[in-house]
Amino acid sequence: MSILLSFAHPDDESFFTVGVALQAREAGREVILCCATLGQRGSVGQPPLTTVEELPAVRERELRAAAGILGVTRLEILPYEDKKLAAAPPDEIRASLVGLIREHRPEIVITFEPNGGNLHPDHIAISRFTSDAVTAAADARWHPDLGSPHRVPRLLWAGSLMPWDETGRDRLAARPGVDFLIDIGRWSEAKRRALAAHRTQQPSIVRVFFSRPDLDDILRYETFRLGAGVPPETVPAEDIFAGL
Numbered sequence: 000m001s002i003l004l005s006f007a008h009p010d011d012e013s014f015f016t017v018g019v020a021l022q023a024r025e026a027g028r029e030v031i032l033c034c035a036t037l038g039q040r041g042s043v044g045q046p047p048l049t050t051v052e053e054l055p056a057v058r059e060r061e062l063r064a065a066a067g068i069l070g071v072t073r074l075e076i077l078p079y080e081d082k083k084l085a086a087a088p089p090d091e092i093r094a095s096l097v098g099l100i101r102e103h104r105p106e107i108v109i110t111f112e113p114n115g116g117n118l119h120p121d122h123i124a125i126s127r128f129t130s131d132a133v134t135a136a137a138d139a140r141w142h143p144d145l146g147s148p149h150r151v152p153r154l155l156w157a158g159s160l161m162p163w164d165e166t167g168r169d170r171l172a173a174r175p176g177v178d179f180l181i182d183i184g185r186w187s188e189a190k191r192r193a194l195a196a197h198r199t200q201q202p203s204i205v206r207v208f209f210s211r212p213d214l215d216d217i218l219r220y221e222t223f224r225l226g227a228g229v230p231p232e233t234v235p236a237e238d239i240f241a242g243l
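Position 82, counted from 1, in the sequence shown is what numbering that gives the first Met the number 0 calls 81; the numbers after and before it change by one each time, with no gaps.
Among the clues, some could well be false.
[Claimed, not checked] Restraint-style ranges between C-beta atoms, simulated for each label pair:
1. P113 / A137: 18 to 26 Å
2. R63 / P202: 16 to 24 Å
3. P113 / D213: 22 to 30 Å
Keep in mind that the hints were calculated from the coordinates and are not lab data. Just so you know, even glycine gets a beta-carbon here, dropped at the ideal spot from N, CA and C.
Please take these sequences and the hints and turn them into a complete structure.
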């Protein structure tokens, strides 16, 4: 049993899925993380921690450090360019994602909601590519060389509500798009460490997370919207596996 996290950049996983990843690992499930780019056009740090030329290698090390904190059992890095992910060949990226889905047969796939959370074109692209792969993986006509079909029971979207946009359980529960409201208080310190692992990206991470007076509350919850598949019996559900 496993979950697949499919995101565009190093640090996306730490913004949205640290708690649910660690919860899945505690339950004995594998956690597969697919990152489509190495964030080559991101920040080099402030003050600079590396050069633009060396940034992809540095961000890969940061990603691997964060993945270790999340308990990731497999990290797959795709060879696409930051801020150009929408131009990735659809057949090629579909095959990569279908292969992962059929190999690991996840119960849940998590990616960005269709608008990418903040309209970032790479976030929108990985949402589209992942949703395409989820349906293709269930159809034996697509990529028959990549294994037997697998129908993912539940596709979840991250980013319908940014972590810093709302705090407090009651307020979160009342927001449309919060179909799963997960209390990750037990893992909030791990979330701090995962975010801190992305050292080059600290200017933006400090701005939206660590400079906030309500940081403890921000780190306490992760929220998801149901994209497709089995709905929970009650909304918001307190467990991403509820009803599966």
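Status of each hint after checking the structure:
1. Between P113 and A137, the C-beta spacing of about 19 Å keeps the proposed range 18 to 26 Å intact.
2. Checked against the given bound of 16 to 24 Å, the beta carbons of R63 and P202, roughly 21 Å apart, stay inside it.
3. Range check, P113 to D213: Cβ separation about 28 Å, and the 22 to 30 Å hint holds.
Comparing the model with each numbered hint stated earlier shows that all of them hold.
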